[in-house]
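**Student:** Single-letter residue listing:
2 protein chains.
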Amino acid sequence: MYFHTDLKQLPGGVCAPAGFRASGLHCGIRPNTEKPDLAMILADVPCAAAGVYTQNLMKGAPVLVTKENLADGKAQAVICNSGNANTCNADGLEKARAMCDLTAKALGLSPQDVIVASTGVIGQPLPLEPIAQGIAPLVESLSREGGHAAATAIMTTDTVSKELALEFTVDGIPCRIAGMAKGSGMIHPNMATMLCFLTTDCAITPALLDKALHRCVADTFNMVSVDGDTSTNDTVVLMASGLAKNPEIQGEGAAYEAFCKALFDLLLYLSTQIAGDGEGATKLLVCSVTGAKDKEMAKACAKSVICSPLVKAAMFGADANCGRVLCALGYAGQPIDPHTVDVDFESEAGRIRVCAQGNGLAFDEEAAKAILLQKEILIHVDLGLGEACADAFGCDLTYDYVKINGDYRS
Amino acid sequence: MYFHTDLKQLPGGVCAPAGFRASGLHCGIRPNTEKPDLAMILADVPCAAAGVYTQNLMKGAPVLVTKENLADGKAQAVICNSGNANTCNADGLEKARAMCDLTAKALGLSPQDVIVASTGVIGQPLPLEPIAQGIAPLVESLSREGGHAAATAIMTTDTVSKELALEFTVDGIPCRIAGMAKGSGMIHPNMATMLCFLTTDCAITPALLDKALHRCVADTFNMVSVDGDTSTNDTVVLMASGLAKNPEIQGEGAAYEAFCKALFDLLLYLSTQIAGDGEGATKLLVCSVTGAKDKEMAKACAKSVICSPLVKAAMFGADANCGRVLCALGYAGQPIDPHTVDVDFESEAGRIRVCAQGNGLAFDEEAAKAILLQKEILIHVDLGLGEACADAFGCDLTYDYVKINGDYRS
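In order, the protein sequences belong to chains D and P.
Just add 30 to the spot in the first sequence (first one is 1) and you have our numbering.
Just add 30 to the spot in the second sequence (first one is 1) and you have our numbering.
Derived from the structure by calculation, the hints contain no laboratory data.
Among the hints, erroneous ones may be present.
Covered stretches of chain D, as calculated for chain P (at least 3 residues, CB under 8 Å) [said to hold, decoys possible]: (1) 84-97; (2) 113-123; (3) 358-370.
Partial chain D-side listing against chain P, Cβ under 7 Å, derived [stated by the list, open to error]: (4) ILE152; (5) GLY153; (6) ALA166; (7) VAL169; (8) ALA343; (9) TYR429; (10) GLY436.
We put the CB at the ideal spot given by N, CA and C, even for glycine.
Model the full assembly from the supplied sequences, consistent with the hints where possible.
**Tutor:** Structural data, given as structure tokens:
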């Protein structure tokens, strides 16, 4: 398994940290399906909150409303629907605000303390009626066991829910951080149709929460690509209840670093889960670049490889073709040196070098195929120019990606 | 048909202009196939010559050698093999030069007057022996009827040859310009595994030939994308024999404009042919952007739409989803205004608006499907911000793309 953490993993998803309840149910956004499509998270207390959003200029209405609501660094609830992205509709803002109003009213909160998100098809008006009718049962079913139901209700083309909860220590006090995420197609941060809701009971100021979130997203979610399409609705939000009762983290230092470490591990896990569950994917691909001149070069090269349709298709076919990897490095817009590049493929079945100093090597085709038939593949690229490194996460390109996306609106 | 020219079309491919002969045959670069894989073009006289090449930092050895050879603005022959790109091999340069030497020797030319190109798999050494053995028969079969044989021999995953010859007038004198091109996968100029060999009998200086080529490639080949991968081997070369005996074009003016018009039409045709024959493609897609603030915006937006895997997959599925088009516009890196964008789909079956001022419209699904089931689709995008426009060319994303690229090296 590519992902590894030293931290203890807990059950419960987003409800693992102290002070959070969640729920998820089917309210009927789309016809002909019983899939759960409405999720809620509620904190017992007002939380410090932070968010990171898509940089696509076409921002979904929910993104705009959530950005407004989180401007004060505080929130207490999340309402999220799947099945319709409420994006590129004339009445989008109005409906996103209505979702906040309905939620706030049912919970006795101010609408500005509600985070709203929507994911699904773009350009079709959001049906508000089923949501309005679903709020009361959703509130009714809030519980500390509701994490998985919520994680399922936010899914669209995901095949599995993505959740994780970790325990860590701050100033000797146990804290917990957890998250649920969805994302399958239209994945290419900055950001991607990633929706990610994170909870923690750590006590931390809104400003530092925001700083930590931006920092950790940079090397995780922002390094994920399923299909190169950056969505209109990406949202990652983090609420901190403070109920772990640690001394509030107010500045950088050991406590802040411990928090960032836990947040990073959590986001790394969710990133690999999202990448590996890309639409139609059969494999998680990780491009691990080392030897770059600087971090920017490492990231651009890693992303270029992971985004290449030809590399992705080759991985689907278990074809150890270094040429496509080299080609992707060459158009990454970085001053690489073709003559110092090494490429290896690795998986649980072994590791093999296919290119040394920019030249293709002869290798055992059977051994290479065995390596590439695994479910998690590492593409190692050593640029031979320095010490910087970066990883990017993606998946193979398969017939099913085409099938899923050839007829998505039905 | 999207492509239209007022110029007269001629038979003969690259041999239509005065002073050119060509040939193509199977010499055996790859085992288990009888596909023609070696092509030659020979001019009766030394020609003014110009070239445009890939900007991928991983440049194939043939690209480097041809660049050197064309530095003096003169050439007289082309030798091109398919089946192996002679790229990312330690002995690449040596072999590319050897191909020039063998060709020059057989034709009584200087090696520096030979243009060399290779296309095919990367990272496997080029077998020189079959090429060496193929040169004599290739020279022997040079003829003015050899254009099609040459156009076939340069193909890799192309399903059809791409050739065109046009007649135009310069200072009242009839001239001809022609080209043969190949390109299917790994297509994303700057440039793409496009190989394009152009011939003309127009008399024009090397400097103006170079200027015209760069200018015309900008809005044609450099606006083509099949899969977003920019290849290592792109080469477009143009040889001018001068045998039309027009007054040599030595400066800008009416004659130069007439030449550029003909060259542009030719490249536009070849571009749409390459785009429409993308690996696995069933449709040619043209994204036609209007209303941009400037040309750069128009081009970036058009390319973004044409490169989006989700747009491409939707076109394969005949799904009139404006959301993906809008999403692609939003991440193009241009300051578009989400509220002034219109999107229409058009084909021979009609035209339909699916988005007005950034909002999805209700539309007749059956009518939309009928439009999208055609073989050439225009995606009209009006950005509503100015007067600049640009077209980009691509194709749909299909199961066959994945199939072809899942096992390319076999």
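**Student:** Evaluate each hint against the coordinates.
**Tutor:** So, going through the hints one by one against the coordinates:
no. : hint    : in the structure
1   : 84-97   : holds (count 5)
2   : 113-123 : holds (count 5)
3   : 358-370 : holds (count 8)
4   : ILE152  : holds, 3 Å
5   : GLY153  : holds, 3 Å
6   : ALA166  : violated, 30 Å
7   : VAL169  : violated, 31 Å
8   : ALA343  : holds, 3 Å
9   : TYR429  : holds, 5 Å
10  : GLY436  : holds, 3 Å
In terms of the numbered hints stated before, the structure departs from hints 6 and 7, listed from lowest to highest.
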